[in-house]
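Per our numbering, residue 1339 is the first one in the sequence shown, and the count goes up by one each step.
Mixed in with the good hints, there may be bad ones.
Derived SDA-like pairs (lysine to any residue); straight-line CA-CA distance at most 20 Å [what the hints assert, rightly or not]:
1) Lys1622 with Arg1583
2) Lys1414 with Thr1404
3) Lys1595 with Leu1489
Hint data in this document are derived by calculation from the structure and do not stem from the laboratory.
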Amino acid sequence: MSADLAPLHPTPQEPLVHVAYCYDGSLEGLLTAIFKAYEYRENPEDVMRASQLLPRLGQTVRDIETEVELALRVQKGIRRTCGQATFDAVMRASLSDDPATGTIVYRFVRFAMAQARPHDCAGCRKRATCPGPGAGARCSGKNARSVLNDLAHPAVAPLDRLARAVGNERHRMLQFLRFEHLENGVWFAQCNPSAAVVPLIMDWFSGRFNTQPFIIFDENHHMAGVYEGRTWYLVDTNEVTLPGRASDEKLMQTAWKRFYDTVAVEARYNPELRRQFMPKRLWKNIVEMQERIPGKELERRPPTRPSDQKEG
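Make the full structure from the sequences, and use the hints.
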């Protein structure tokens, strides 16, 4: 067991067998639940968000209050013992909407921490040049095998699936997020992702916008990312009250729709492929997929080369 996950004090009661942990849905809450499992010496059957937990027959529910200090200890322990890449995968997976997210992350962390126990370096092919202290040391070199590669293990494959799905949703938001300019100078974008990926895209858009303030509102997860020109932060909110659009915003949206229709190639029109790369659930927040401009529907273009002209 890592020192960061060591109990703060002796367990005051007997460990429960059929127990479920209920947390608030945040990454900090999930990491706190993992710490409490080590502290109470319990192996919960389920670790779930309060809004999604349905206790099994005869199961005891333990409500876990989020403690940032304990969450930071778990975060530090995972990073030091398993590496930054492992913690990044845990963080991405924790943002999934899958009801089993908490249980999957908990079981993975248990497995990863157990696999990172000290081992004998005698069989390592890099032992001659390794600066480590020798036998019984924990390997920290570049050739150390990551637990994320053990996809055949039942604790790793589900977490890898969640982390990849969240990563794919983040990529879609980078592609299909559309901003509109407000009269107060702020840029605003509304989205409806299938995972709470706003924390994963704020750094990217902050670099793109530089000193221009913007707001990204996730209507599915009731979360807004606010960038003030230097730093960004997250706000839990059910709705955002906004001023009107800038005077030229309607013109710019019309121009963008016209450009989208103009560059379309009718011969390569493939609605099924478009829905595959641009899910239809996102269309309501994508400018070019909203109402069409009257009189600007896609029309067949006249041939421009002499060889394309039909002889009479």
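Here is what the structure says about each hint:
1. Lys1622 with Arg1583: Distance of about 18 Å is within 20 Å: holds.
2. Lys1414 with Thr1404: holds (17 Å)
3. Lys1595 with Leu1489: Answer violated: Lys1595 to Leu1489 is near 44 Å, above 20 Å.
Checked against the numbered hints given earlier, this structure breaks only hint 3.
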